[in-house]
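Trainee: One-letter residues, chain by chain:
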Amino acid sequence: MQHFLSDLTKIFRTVFQNPLLEISKETKAADIDGWDSLQHFILILSIEKHFNIKFTTEESRNFLNVGQIIDSLEKKLNHQ
Amino acid sequence: MPNNIRYHFATSEDLDFVIEAIVESTKSGTDRISYCGLFSLSEMRFREILKQVVAEDVGGNDFSLTNYLIASIDGNPVGACCAWIEALVGVQSNLLKFNLLFPHLEAEEVQNAKNIAQFVRPLQLNREPFSLQIDSVYVKPEFRGMGLSQKIILEQFRFFSEKNPEITKAQLIVIKPNTGAIRSYEKIGFKVIQEAEANNEVVSKIFPATIFILMEMPLPHHEYALRT
Chain A
1 MQHFLSDLTK
11 IFRTVFQNPL
21 LEISKETKAA
31 DIDGWDSLQH
41 FILILSIEKH
51 FNIKFTTEES
61 RNFLNVGQII
71 DSLEKKLNHQ
Chain B
1 MPNNIRYHFA
11 TSEDLDFVIE
21 AIVESTKSGT
31 DRISYCGLFS
41 LSEMRFREIL
51 KQVVAEDVGG
61 NDFSLTNYLI
71 ASIDGNPVGA
81 CCAWIEALVG
91 VQSNLLKFNL
101 LFPHLEAEEV
111 QNAKNIAQFV
121 RPLQLNREPF
131 SLQIDSVYVK
141 PEFRGMGLSQ
151 KIILEQFRFF
161 SEKNPEITKA
171 QLIVIKPNTG
181 AIRSYEKIGF
191 KVIQEAEANN
201 EVVSKIFPAT
211 IFILMEMPLP
221 HHEYALRT
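If you read the sequences in order, they're chains A and B.
According to the numbering used here, the first sequence is numbered sequentially starting from 1.
According to the numbering used here, the second sequence is numbered sequentially starting from 1.
One chain only, chain B, in its complex shape (with noise of 0.2 angstroms):
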């Protein structure tokens, strides 16, 4: 593990490494995103879109700048790893962001969504209000394997705990083929509380899976440390 890692929040100079985090990162390994296969994107609009969202970094989701922690190495951002309070301001995280996004929509692409609503459905988890939501952890490939992602969840635990010390429990949500996240997000006490399937067609042509996990682990709110 270097020794020379940094963390910071991002601010507009990240606003590119952000997005990259959350694409990949909605990819899971595959080449699909999710928001493209719902609204019948192309990944270059998607990306367009993305980018303005994020920029206007509302909170509260994980299409918000400043909500995301990046680890860099000598000056690079090599990590990213997105967290926020659940429903702080009163309405999910995913209504809040699907209202950030509606408005970059079009018509027709808002209207794929609808129609497809049906098979889609099915892979909604809930998270839980006011619990601390980690999402978007992202790793430059050629970092990957020395625990970084774990580092950066960690660092994330210590500024939320300090800052919002009545926050007890943490939430992520994986996708099920992804068990090199899984195992990772266990080391450092993540457990499996939900799954959500949808095991049809349409799901299984645009979504990188068809089993979604939700995990959770409690906050202890003291030093944060890896299992072995």
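The following block holds chain A by itself, in its conformation from the complex (with noise of 0.2 angstroms):
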């Protein structure tokens, strides 16, 4: 879980330009200025474009906050 909570940093710091940003499972979109559905958009273009996989249906509709990208790239990438 913290392997994958230290990249999605580095690609939230990225996305959202804000190299200080500091974020956990507990984070949504509320939280950080600038999380809007266009970001939110790039943001999971990222993190597709970084771990090389593609989301489904099933797994994005749940991307609520950041836990459940979380538990959607362990049961993605563990079990590969």
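These are computed hints drawn from the structure, not numbers from a lab.
Every residue, glycine too, gets a C-beta built ideally from N, C-alpha and C.
There's no promise every hint is true.
Unchecked claim - Here are the computed distance ranges between Cβ atoms for each label pair:
1) B:45 x A:76: 52 to 60 angstroms
2) A:49 x B:89: 23 to 31 angstroms
3) A:10 x B:146: 54 to 62 angstroms
4) B:125 x A:7: 26 to 34 angstroms
5) B:194 x A:10: 51 to 59 angstroms
6) B:90 x A:78: 41 to 49 angstroms
7) B:179 x A:78: 49 to 57 angstroms
8) A:17 x B:146: 47 to 55 angstroms
9) B:165 x A:26: 24 to 32 angstroms
10) A:24 x B:6: 48 to 56 angstroms
11) B:114 x A:76: 16 to 24 angstroms
Two chains, two frames, some hints: make the complex.
Mentor: Structure follows, in structure tokens:
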């Protein structure tokens, strides 16, 4: 989990152009300035590119906070 | 006004009509669909994706089948209106909707949205959490001018007021040039509270309008009536 959180932190900092941004499993859109629907798209695209994966509808529909993204990454990458 | 109007929440049998409602209300009398411009999609491809997403019926946004109330006359659907409570599951409807769209899009289509995001972003209006959201209000052209769109909205108000009496506010987003729709919503009690403008070439080329308006009204929880 820590490995994913560390990678996601780097991605979040790049996407939201904030080198000091800290995230946790509980972080949701309302907690980060600029996390709107368009930025959300860019974020998910960046995560897919970074991990070289493609999320399914069943996975992405649950992306309501960072923890749910990590859960999907764990299931996807730890079972490959 | 015909007196044989019947209302029901959409089922899988209404899927094609709901798609028509979403596409035509998004166009708002123009030939442009915002999503097609944003992701560089043909209308046919957008309809294909939309059909899959709407049929999933996730709820909490305007791409969800059973959020649609359908008005029928003589058994034929003539009008539709979508409603949901914003961010009830803890996430904005726009984010939820984009989550649903994302897996259906090709990488280059998503990339297109990324490339033009900076031009489109000023158009975004924030829907208030836990308010009732009205969207995709649509009436077939031959049934317009009878106040049907207002009647369907009021039916949605009645349904949600009974089920969720704690909801005290309704909101909707409309494009500024659509003055007919704005007047129609004002007759119910909606007032303009915010405008968003993106006056740039990209938006002018691909969106149905460069100004979007957020309207809202209180839900007084008594008999709703049109203002004359």
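Trainee: Please flag the earlier hints that this structure goes against, numbers listed from lowest up.
Mentor: Numbers 1, 5, 6 - these are the hints that the structure violates, sorted from lowest upward.
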